[in-house]
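*Asks:* Chain by chain, the residues run as shown.
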Amino acid sequence: MMILSLSKDNIQVQKEQDVVLLRNRVREVAVKIKMGLVNQTKLITAASELLRNMLRYGGGGECLIEVVTRGRDNGVRLTFKDKGPGIPDIAAAMKDGFSTGKSLGLGLPGAKRLSNEFDIKSKPGEGTVVMILKWANG
Amino acid sequence: MDKIPILRMGNFLLVTIQVDLYDRLALDLEADLVQMVNKTSSRGVLIDISAVSIVDSFMGRIIGNIASMSKILDAETVVVGMQPAVAITLIELGLPLKGVHTALNVERGMNLLKSMIGSDIQDEEENQDDDTFSE
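These protein sequence lines map, in sequence, to chains A and B. Heads up, the first sequence is in our numbering, so the first residue is 1 and it goes up one at a time. Heads up, the second sequence is in our numbering, so the first residue is 1 and it goes up one at a time.
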């Protein structure tokens, strides 16, 4: 079944405080489609991980917040886009504990576990696009 | 600039996080707390996160760091009031917060701290009682 986008909102993320703003915006959207508290928390935590990656490794970027629908299900889809150095080895980056920084290396694999759908595309030198989708009752 | 207040209560330091944390704020808290433990020779740190709706891997790491750093300075750390949704998310994220003591609420957290370093405190309290008695 097709996933249709009902609303779109693009937010620039350039500094750490933008993360708080974006988390709040995601929460507003999630509440609007009556997403449960646990799923909200998972979605926002996943978003937080990806935002940090974008700021730390991608030098900032933008986040597209969409309300999407598929049949009777509603969900929130987030697309994080940066024009950073890109990820040379995505398979390695998706492994728990892999980090080129000094972090725990839970960001990407954790965000994948916390969302219903996950997609990552990256080209070295061009940037990275990460999409996550969480259904309201997923 | 934002700052998270650290309260001193006898032998313990009390931190209630009431705002959404961003990375810088969490790092500052880590540094402030460890310095306070040293300066006040506190034996315990109680961190109340009941108002925190999101704990991601970075904040989880900071909480773990605070606990290990305080431990080296001979202070125990107890994290209290975690929201159920946050606990579910942390485990799914892959961050079980090993090595961090937790309690359901502030009251139980305080009791846990007291029991962990209980004998030392009792001695000190007894000494204090003696002081007041002689006055």
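By construction, these hints were calculated from the structure, which means they are not laboratory data. There may be inaccurate statements among the hints.
Partial pick of chain A residues on the chain B-facing surface, computed with a CB cut under 8 Å [as the list claims (entries may be wrong)]:
1. I11
2. Q14
3. E16
4. V20
5. R23
6. T45
7. E49
8. R52
9. I90
10. M94
11. K95
12. D96
13. L106
14. G110
15. R113
Just so it is clear, the structure is predicted and the values come from calculations on it, not from any experiment. Backbone N, C-alpha and C define an ideal beta-carbon position, used for all residues, glycine too.
*Asks:* For every hint, state whether the structure bears it out.
*Replies:* We went through each hint and held it up to the structure:
1. I11: violated (15 Å)
2. Q14: violated (13 Å)
3. E16: Hint on A/E16: holds, closest Cβ of chain B at ~5 Å, below 8 Å.
4. V20: At 5 Å from the nearest chain B Cβ, A/V20 passes the 8 Å test, so the hint holds.
5. R23: holds (6 Å)
6. T45: Holds, because the Cβ-Cβ distance from A/T45 to chain B comes to roughly 5 Å (cut-off 8 Å).
7. E49: At 5 Å from the nearest chain B Cβ, A/E49 passes the 8 Å test, so the hint holds.
8. R52: holds (6 Å)
9. I90: violated (18 Å)
10. M94: violated (12 Å)
11. K95: Violated: closest Cβ of chain B sits about 11 Å from A/K95, beyond 8 Å.
12. D96: For A/D96, the interface hint holds, since the closest Cβ of chain B sits about 6 Å away, which is under 8 Å.
13. L106: At 4 Å from the nearest chain B Cβ, A/L106 passes the 8 Å test, so the hint holds.
14. G110: Given a least distance of 4 Å, the restraint on A/G110 holds.
15. R113: Holds, about 5 Å.
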